[in-house]
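K.L.:
Those protein sequence lines, which keep their order, are chains A and B. For the first sequence, the numbering used here begins at 1 and goes up steadily by one. For the second sequence, the numbering used here begins at 1 and goes up steadily by one.
It cannot be assumed that every hint is accurate.
EDC-like cross-link-like pairs, simulated, lysine to aspartate or glutamate; straight-line CA separation at most 20 Å [as the list claims (entries may be wrong)]:
#, chain 1, residue 1, chain 2, residue 2
1, B, 99, B, 110
2, A, 115, B, 40
3, A, 44, B, 66
4, B, 194, B, 152
5, B, 99, B, 47
6, A, 44, B, 65
7, B, 180, A, 10
8, B, 195, A, 15
9, B, 106, B, 62
10, B, 194, A, 10
Please keep in mind that the hints were generated in silico from the structure rather than gathered at the bench. Quantities reported herein were computed from a predicted structural model and do not represent experimental measurements.
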Amino acid sequence: MSNNLPSESDHRLFELLARETADAGAERAPSPLKARLLTALIRKQQESGRLRTLAETRGAGHPLCIFEDLWERVAQAEAAQSFNCCSLCHARVLAQHLERPRIYWGHCPYVAFAKK
Amino acid sequence: MNQGQPEACQTEERSTAGEERSDRELVAEILSKDRKATAEFVARYADHVYAYVRRRLIPRADLVEDLVQEVFLAAWESLDKFRGDSSLRNWLLGIARHKVEDHYRKRLRELQPAEDEESLESEPVSPHNLEQALADRQAGELTREVLSILPETYSVVLLWRYWENRSLRDIAVQTGRTEKAIERLLARARQQFKKRWHEQQSSK
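Only chain B is shown next, with the shape it has when bound in the complex (with noise of 0.2 Å):
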């Protein structure tokens, strides 16, 4: 997975198509404040942007609306930088991602891990249950839920980690915690994924 963008923007995506303008010069136009090309903006990537976010904030989905507004107003803020290296739907979601990162770091430092979680033994759930639920097409609803249940520390930690593809370096340096105690949480999570993840497949 690529470190660098998240991983919906890995395949190039060009705004090529016919009578679309392109993203250079729809970001001519919406430089220039043209009120129709910043609407064409919004209809194009707040899809994209959103579902993104959406994704990546499991369990707070009551911050997603904000949180994809941050991203719009950064974006106007700092449109002028826009070179068309990458698609304008990269450079999006590369705010976006760092808005999501600025969330996590931000809850990681103020959420601390429920102590009495912390010695729970967890079922094993094991890669071949999971090959099972794949193909089943149950993972993606399952993982879904059981993020959206899990306390927010290790869900935000589990996301960071997985889903972000973040080093246990970088979750340390940003949040201010040793690697070492990036590690014991990162466990902790894992196990109590793994619990509620076998209690959810169990009452289904």
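This is chain A alone, in the form it adopts within the complex (with noise of 0.2 Å):
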């Protein structure tokens, strides 16, 4: 048998470690990385046609946040329904550098997001 081979105590040893390690505490993502997972996410679906529009999602009893409702009434086109306001909005630019952005938004992911 090979020297290299592990002896019996080796294997437990390992094993034991890798068990108690394994599932060691429940780590929280850093909300600055949710926040640019969703912008990526929105961008990558962009990319094969257009998001649902605001009117779609609120219909899908997703509520609406302040600037969204704002969109909403505002900006008439489909286009423009479909558009991702997100991409103009400040909270998102504030939730994604930040821990705890000060926003106080109801309804909005990035908030939602550094709340959690």
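Make the complex out of the two chains shown on their own, each in a separate frame, by following the hints.
P.N.:
Structure, rendered in structure tokens:
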């Protein structure tokens, strides 16, 4: 048998260590990472066509934030309704860079990442 | 340990809580490009994926966020193939596992172990010592510390073999090396690990 093969105690040692550290603690992803993930996913979704309109989103049971609500009232064209208005919003920018951004808009996903 | 999925996935977990959308409903909404559903997807699962990737990428904490992003983008690319046979969390962790193993494969191909460390004699670390450390709840912390200071080749091969529970043969095939070469690398990695473990434990 090769000298490199682990002894039984070595196996036990490393198996125990692996088990001990495999699920150690619930680590939260930093909220700026979540914000960047959302931005990246939405950008990816846009590459293959339009997003759901804000009206469709609301109709599916998702409340809109104040900015989306305003956008929905002001921008009438369908292309504008599908536009990712978060790309213009300061909340997204702050959330992508700060762990606890000072944004207090209700129903803003970027705010929710920091609160959770 | 299950070889097919990360051990974090072994407990089947369905998203069935009251007002929460089921996995299938959520997936359908994401595929229809609903931005709020996409946000819910991130909110629900980013912590799970992040925690898994972070533990498996010791000592390369600098790569964790990029890899988590790769996992989510890969998930979006193949989300239409999600059938709900497992929970969405397990499905995502399966993608994360593939990404982590891609990283291991790449690193083991790129890195060579330091020759001067090959013949080091290590202080013995007995299972009894370990059990004591486990009882004192120090083992997890100490293990992470040791993995983070080991040469990367060693931490990668140990994580791949023991934390991902991959066989020598699997690792050899994926890295284009012989089983013997992986065996030797693992032996050096274990030796180094035990030496550093002893040093870290003594310094506390």
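K.L.:
All the hints need checking, so say for each whether the structure fits it.
P.N.:
The hints, checked one at a time:
With a C-alpha separation of about 17 Å, the suggested pair residue 99/B and residue 110/B falls inside the 20 Å cut-off, and the hint holds. Between residue 115/A and residue 40/B, the direct Cα distance comes to roughly 14 Å. Compliance with the 20 Å bound is thereby established for this hinted pair. Between residue 44/A and residue 66/B, the direct Cα distance comes to roughly 16 Å. Compliance with the 20 Å bound is thereby established for this hinted pair. Simply put, residue 194/B and residue 152/B have alpha-carbon atoms about 15 Å apart, close enough for the 20 Å limit, and the pair holds.
Proposed proximity of residue 99/B and residue 47/B is supported: the alpha carbons are some 16 Å apart, at most 20 Å. About 18 Å separates the Cα atoms of residue 44/A and residue 65/B, which keeps this hinted pair within 20 Å; it holds. For a cut-off of 20 Å, the pair hint linking residue 180/B to residue 10/A stands: about 18 Å separates their Cα positions. Restraint check for residue 195/B and residue 15/A: the C-alpha separation of about 17 Å stays at or below 20 Å, so the hint holds.
With a CA separation close to 16 Å, the supplied pair residue 106/B and residue 62/B stays within the 20 Å bound. Restraint check: the Cα-Cα separation between residue 194/B and residue 10/A comes to about 10 Å, which is no more than 20 Å; the hinted pair holds.
Hint check: no violations occur; every hint is consistent with the structure.
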